[in-house]
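Based on the hints, put chain B in the right spot on chain A.
Here the protein sequences come in this chain order: A and B.
Under the UniProt record's numbering, the first residue of the first sequence is numbered 1, with each subsequent residue one higher.
Under the UniProt record's numbering, the first residue of the second sequence is numbered 1, with each subsequent residue one higher.
Quick caveat, the hints were computed from the structure, so don't treat them as lab data.
Be a bit skeptical, because a hint or two may be false.
Identical copies go unnamed one by one, so any copy, or any two together, can satisfy a pair.
[Claimed, not checked] Simulated crosslink set (BS3-like; lysine-lysine; CA at most 30 Å straight-line):
| no. | residue 1 | residue 2 |
| --- | --- | --- |
| 1 | K197 | K150 |
| 2 | K269 | K197 |
| 3 | K55 | K197 |
| 4 | K119 | K74 |
| 5 | K55 | K269 |
| 6 | K119 | K197 |
| 7 | K74 | K51 |
| 8 | K269 | K22 |
| 9 | K74 | K22 |
| 10 | K22 | K197 |
| 11 | K119 | K108 |
| 12 | K150 | K269 |
| 13 | K74 | K55 |
| 14 | K197 | K108 |
Owing to the predicted nature of the structure, the values given are computational and were not obtained by experimental measurement.
There are 2 protein chains.
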Amino acid sequence: MAGGGGCVMLRGAQIRDLLDAKHNVLFDCDGVVWNGETAVTGAPEVVSLLKQRGKRVFFVTNNCTRPRENYVQKFSRLGFADVAEEEIFSSAYCSAAYLRDVARLQGKVYVIGCGGVMKELRDAGVPVAEEGDAEPGASIYTCPLDPDVKAVLVGYDENFTFMKLAKACCYLLRILRTGRIGSGSLTAALETASSRKATVIGKPSRFMFDCIASQFGLDPARSLMIGDRLETDVLFGSNCGLTTVLTLTGVSTLQEALAFRDSQEPQQKHCAPDYVMESVADFLQALEE
Amino acid sequence: MAGGGGCVMLRGAQIRDLLDAKHNVLFDCDGVVWNGETAVTGAPEVVSLLKQRGKRVFFVTNNCTRPRENYVQKFSRLGFADVAEEEIFSSAYCSAAYLRDVARLQGKVYVIGCGGVMKELRDAGVPVAEEGDAEPGASIYTCPLDPDVKAVLVGYDENFTFMKLAKACCYLLRILRTGRIGSGSLTAALETASSRKATVIGKPSRFMFDCIASQFGLDPARSLMIGDRLETDVLFGSNCGLTTVLTLTGVSTLQEALAFRDSQEPQQKHCAPDYVMESVADFLQALEE
Chain A
1 MAGGGGCVML
11 RGAQIRDLLD
21 AKHNVLFDCD
31 GVVWNGETAV
41 TGAPEVVSLL
51 KQRGKRVFFV
61 TNNCTRPREN
71 YVQKFSRLGF
81 ADVAEEEIFS
91 SAYCSAAYLR
101 DVARLQGKVY
111 VIGCGGVMKE
121 LRDAGVPVAE
131 EGDAEPGASI
141 YTCPLDPDVK
151 AVLVGYDENF
161 TFMKLAKACC
171 YLLRILRTGR
181 IGSGSLTAAL
191 ETASSRKATV
201 IGKPSRFMFD
211 CIASQFGLDP
221 ARSLMIGDRL
231 ETDVLFGSNC
241 GLTTVLTLTG
251 VSTLQEALAF
261 RDSQEPQQKH
271 CAPDYVMESV
281 ADFLQALEE
Chain B
1 MAGGGGCVML
11 RGAQIRDLLD
21 AKHNVLFDCD
31 GVVWNGETAV
41 TGAPEVVSLL
51 KQRGKRVFFV
61 TNNCTRPREN
71 YVQKFSRLGF
81 ADVAEEEIFS
91 SAYCSAAYLR
101 DVARLQGKVY
111 VIGCGGVMKE
121 LRDAGVPVAE
131 EGDAEPGASI
141 YTCPLDPDVK
151 AVLVGYDENF
161 TFMKLAKACC
171 YLLRILRTGR
181 IGSGSLTAAL
191 ETASSRKATV
201 IGKPSRFMFD
211 CIASQFGLDP
221 ARSLMIGDRL
231 ETDVLFGSNC
241 GLTTVLTLTG
251 VSTLQEALAF
261 RDSQEPQQKH
271 CAPDYVMESV
281 ADFLQALEE
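Only chain A is shown next, with the shape it has when bound in the complex (with noise of 0.2 Å):
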């Protein structure tokens, strides 16, 4: 891996040093040679050139909504002379290129993405999950799902909806119904949009305990926390100081709850109960006693 760099600010004979040691130009595309729908002043002179003086001038951009084709026009449209489509490598050209020659797709690819991604698979032969129309009433209970869809592409897609996210979801994890996204999914869409981290009321959070002691000035040495779920229940009950009970009628097992104890991880071992109980009903003898 290189980088690290100086920073050096080109300058004259730097310039030309650095185009003599170089055969190879990769661009940037949009805040490089253009800006919307404006050329970047210069720059349609410059890729000219490169190209003049022998040199071998590429295009990688992350943008996957359009296919090569139209970023050939949108050059020509720009003022940039013969920029081959061959020249273009998009993410959504470079994710079918993928399917195909990489991973080697023997199926379907199901899609959360654009036109520009559609197109760029169906070139190259990789065969794509159609998305019925969605009737009237479905849900993410009863949307149907395709048993060829061997793979998951996720691009930029302004039509995104949670019945993609759950359609998606099921196809990885290879699914037919999900009850697996949470508040904790949109969460994490949020905080990578905004690059800021959210502040979590639920359950593993101690704030619902606070809320609860608050109104009800609970001792929590005097406290019991009975749940399902190891790193939500058992989790929160450890971070609120409260003696904690898994009971086994819900999600997590046994098997799960030691692997935590005998985790070497500090933050795994709070998702350790104290105790385990086949199910509340266990309580019933001692209390009718």
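Frame of chain A; chain B shown alone:
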């Protein structure tokens, strides 16, 4: 922080001792006292007997789709006698309490969520930004924003869309339009939902360079990467062993480049370019000679 519990299987006298030692019992709901629409056998009796023995019982649930009054009805429907709204602490209720009592919100909250959380916010007197009816042809570039919004709340929302994500992002960043939501945000949602890690194709992953190299036989040492974004273009160049140039006609600034160069963090240093130029037009003179 407690935790690191021993996973002791509760039996006989131990159960009695544990109950004697505790005054407050907190239950998660789904998987503990019921599963869907079926009460866990014996659970209603356990809750009643705990109360008769003078224990205080609370229910803490991360489900934010329903307001607490629906929980009261569900408890009653499934045979739990006398569970009161005051004993139920849902993430919807606690989110409203947080915004009112802790954040002391002066203004409105923009909500990604469903009926349950809306009802709790209204009951708590927290003003909610109304989601205007989507006008035909409304896009993320024309959607109206409410200047009074001072907080964003994210919960489970089957009507989640790209538009809601874009709006929430604008509110968090106090900006009017967002071009910030890329594939990464949507990928983050799916990674969280599926507990799987995506293979990145776009920059800064080196796959796009491999793609070019496989077709054109590029020598990294003789190749130049010119971009306007340090975390994608320059890092991509570094990852591929290319000489990197930042142009200042786009997103990243010279100050940001120098900050990466002077960072102590190795991963950050890879975002520092070898060279900086005002514009690709700075190549013109050297090329015209």
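Homomeric proximity label, K119 with K74: Cα distance no greater than 30 Å: within (17 Å within a copy, 50 Å between copies)
Intra- versus inter-subunit Cα pairing at 30 Å for K22 with K197: Neither: 42 Å inside a copy, 36 Å across copies.
Alpha-carbon proximity context of K269 and K197, limit 30 Å: both (24 Å within a copy, 24 Å between copies)
Up to 30 Å CA-CA - K269 versus K55, copy category: Answer is between; shortest inter-copy Cα gap is 29 Å, intra-copy 58 Å.
K74 and K22: within-copy, between-copy, both or neither at 30 Å Cα: Within one copy, since 27 Å is at most 30 Å while 71 Å is not.
Identical-chain pair category, K197 with K150, by Cα at 30 Å: Close across copies (16 Å), not inside one copy (33 Å); limit 30 Å.
Intra- versus inter-subunit Cα pairing at 30 Å for K74 with K51: Result: close within a single copy only, 19 Å intra versus 73 Å inter.
Intra- versus inter-copy proximity for K269 and K150 (alpha-carbon distance at most 30 Å): Result: close neither inside a copy nor across copies, 36 Å intra and 37 Å inter.
30 Å Cα threshold - placement of K108 relative to K119: within (15 Å within a copy, 42 Å between copies)
30 Å Cα threshold - placement of K197 relative to K55: neither (45 Å within a copy, 38 Å between copies)
Intra- versus inter-subunit Cα pairing at 30 Å for K269 with K22: between (54 Å within a copy, 23 Å between copies)
Homomeric proximity label, K74 with K55: Cα distance no greater than 30 Å: Within. Shortest intra-copy distance 22 Å satisfies the 30 Å Cα cut-off; inter-copy 72 Å does not.
Of the numbered hints stated above, those contradicted by the structure are hints 3, 10 and 12, listed in ascending order.
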